[in-house]
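Chemist: Chains as they are written, first to last, in the working numbering: chain E, 1 to 373; chain P, 1 to 123.
If you are wondering where the hints come from, they were derived from the structure by calculation, not from laboratory data. All values derive from a computational prediction rather than experimental measurement. Hints are not guaranteed to be accurate.
Restraint-style ranges between C-beta atoms, simulated for each label pair [claimed, not checked]: (1) P:Ala59 <-> E:Arg208: 29 to 39 Å; (2) P:Ala108 <-> E:Ala130: 51 to 61 Å; (3) E:Gly355 <-> P:Ala59: 13 to 23 Å; (4) P:Gly42 <-> E:Ala306: 28 to 38 Å; (5) P:Ala59 <-> E:Lys11: 35 to 45 Å; (6) E:Glu303 <-> P:Thr70: 56 to 66 Å; (7) P:Asp14 <-> E:Gly355: 28 to 38 Å; (8) P:Glu40 <-> E:Arg133: 54 to 64 Å; (9) P:Glu40 <-> E:Lys264: 54 to 64 Å; (10) P:Glu40 <-> E:Ala17: 44 to 54 Å.
From chain E, some residues computed to sit far from chain P (all C-beta separations above 10 Å) [as the list claims (entries may be wrong)]: (11) Ala30; (12) Asp114; (13) Glu169; (14) Arg270; (15) Glu296; (16) Gly322.
A few chain E residues that face chain P, going by a derived Cβ cut-off under 8 Å, partial list only [claimed, not checked]: (17) Gln37; (18) Ala52; (19) Pro300; (20) Arg302; (21) Phe323; (22) Thr326; (23) Val327.
Think of the CB as a built atom: it goes at the ideal place given N, C-alpha and C, for glycine as much as any other residue.
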Amino acid sequence: MADPASEGPLKRTPLHAFHIARGARMVPFAGYDMPVQYPAGILKEHLHTRAAAGLFDVSHMGQVRLHGPGAAAALERLVPSDVQALAPGRQRYSLFLSDTGGILDDLMVANMGDHLFLVVNASCKEADVAHLRAGLPKGIAVEYLGDDRGLLALQGPAAAAVLARFVPEAAAMPFMAVAAADIRGVPVQISRSGYTGEDGYEISVEGRFADEIALILQGEPEVEPIGLGARDSLRLEAGLCLYGHDIDTTTTPIEAGLAWTIQKRRREARDFPGAATILDQLANGPARRRVGLRPEGRQPAREGTAVLDAAGAAAGTVTSGGFGPTVNGPVAMGYVRADLAATGTEVSLEVRGKGLPAKVAAMPFAPHRYHRG
Amino acid sequence: MIRYTKDHEWVRIDGDLAVCGITDHAQGQLGDVVFVEVPEPGRKVEQGKDAAVVESVKAASEVYAPIAGTVAEGNAAIVDDPSLVNRDAAGEGWFFKLRDFDRAQFDALMDEAAYRAYVAETA
Chain E
1 MADPASEGPL KRTPLHAFHI ARGARMVPFA GYDMPVQYPA GILKEHLHTR AAAGLFDVSH
61 MGQVRLHGPG AAAALERLVP SDVQALAPGR QRYSLFLSDT GGILDDLMVA NMGDHLFLVV
121 NASCKEADVA HLRAGLPKGI AVEYLGDDRG LLALQGPAAA AVLARFVPEA AAMPFMAVAA
181 ADIRGVPVQI SRSGYTGEDG YEISVEGRFA DEIALILQGE PEVEPIGLGA RDSLRLEAGL
241 CLYGHDIDTT TTPIEAGLAW TIQKRRREAR DFPGAATILD QLANGPARRR VGLRPEGRQP
301 AREGTAVLDA AGAAAGTVTS GGFGPTVNGP VAMGYVRADL AATGTEVSLE VRGKGLPAKV
361 AAMPFAPHRY HRG
Chain P
1 MIRYTKDHEW VRIDGDLAVC GITDHAQGQL GDVVFVEVPE PGRKVEQGKD AAVVESVKAA
61 SEVYAPIAGT VAEGNAAIVD DPSLVNRDAA GEGWFFKLRD FDRAQFDALM DEAAYRAYVA
121 ETA
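Starting from the given sequences, assemble the full structure and let the hints guide the process.
Modeler: The following block contains the structure:
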């Protein structure tokens, strides 16, 4: 059990003391000292989130505001989504793209009326902020909220009932709605979204109030704290990409099955980074595709596992894999040659020198339960 | 008599056999065990080399042979119910039994007090 080498002192989120007080096992993650699990353990935390409600600290993620006239049109220089069509109070999932169509990061972008609000990955946030500052015109101000801003996720079938006790209007928010609210007088920004496949919310709050909000939510009987370990198994079962693993600068949105992030107007305008490559792949099909994989039996196939076709030839790689507690079996995702991408295709996964039979499987592995309103 | 390795395996002599498993500390570090693979009878294992596999929700780990020997039996019970390793690592959650094992290697391993001190020091 090797610990990933960490360089320099780890940063702390505003909820660091909250985690320690709950007996969390802390690990270095993207430069932060983060809870990988609490005493209940990953399996119970995962199942609890699917059964009731889990509280996650995702304050390590980057929160950015874009101010200025035409911010939506300006952001479209860097992403392939139709940001201008985003109504106030709505958010959508998008991608920062390189000029060759690779994915620099994935993000959420919300229209807050007088500004855009972005949530980006912890491991990419400095690069993303630099990319925004370099790529947006002078009239657009990039306000990076930094480490004095907290971000909590409340996820699971009981999340709506829990939050409605403090924010009654939260219950009626549809999936991907965003609103300003307050929780016992603390100003927060709430989006109905998450990274588990469950109904739930992400709650952005000033760092100095993050602990107070966490304690309020934690005080509800349905809520348990959930670490990064279960966050990973939950998102894997939900078929959601983890940046740096399932998507990166070498994968395109088409290969990754994320063509839906590119709305019609943008496809027609062909005016986003990497458009030539991406639209060619969209028209003619990519050489490889991201698929779900279900190994037979109980043995998980981890990231980096080679995928072989029926003839034993190299056919792809697992990019995320493990044990799905809700599925109660191993689940994985990865890239395979396009001719093998159909659901049900039999492949072999090379685990410790042996061929583990597996099938290409539809994702999500655990059904999404978003509140579509 | 029981001995321990720095890789958090235990080995206990039981008549002609040496029973091997992972320590309670190791199972706690791994978390929920979801898959194990144990060696086939007759396989010769070398001290400190791969003998079995244990996977938790989070990660896969090798289990090394604490001493050299020939596998007499792998524990089918933990294959059927991997969580047994979490519930009783030092008992019912054993991994494999060795025959014709290397007694001198056994004697050179840490005893319980030494292992406890080792865990305390590396924690």
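Chemist: Tell me the numbers of any earlier hints that the structure contravenes, in ascending order.
Modeler: 5, 6, 16, 18, 22, 23
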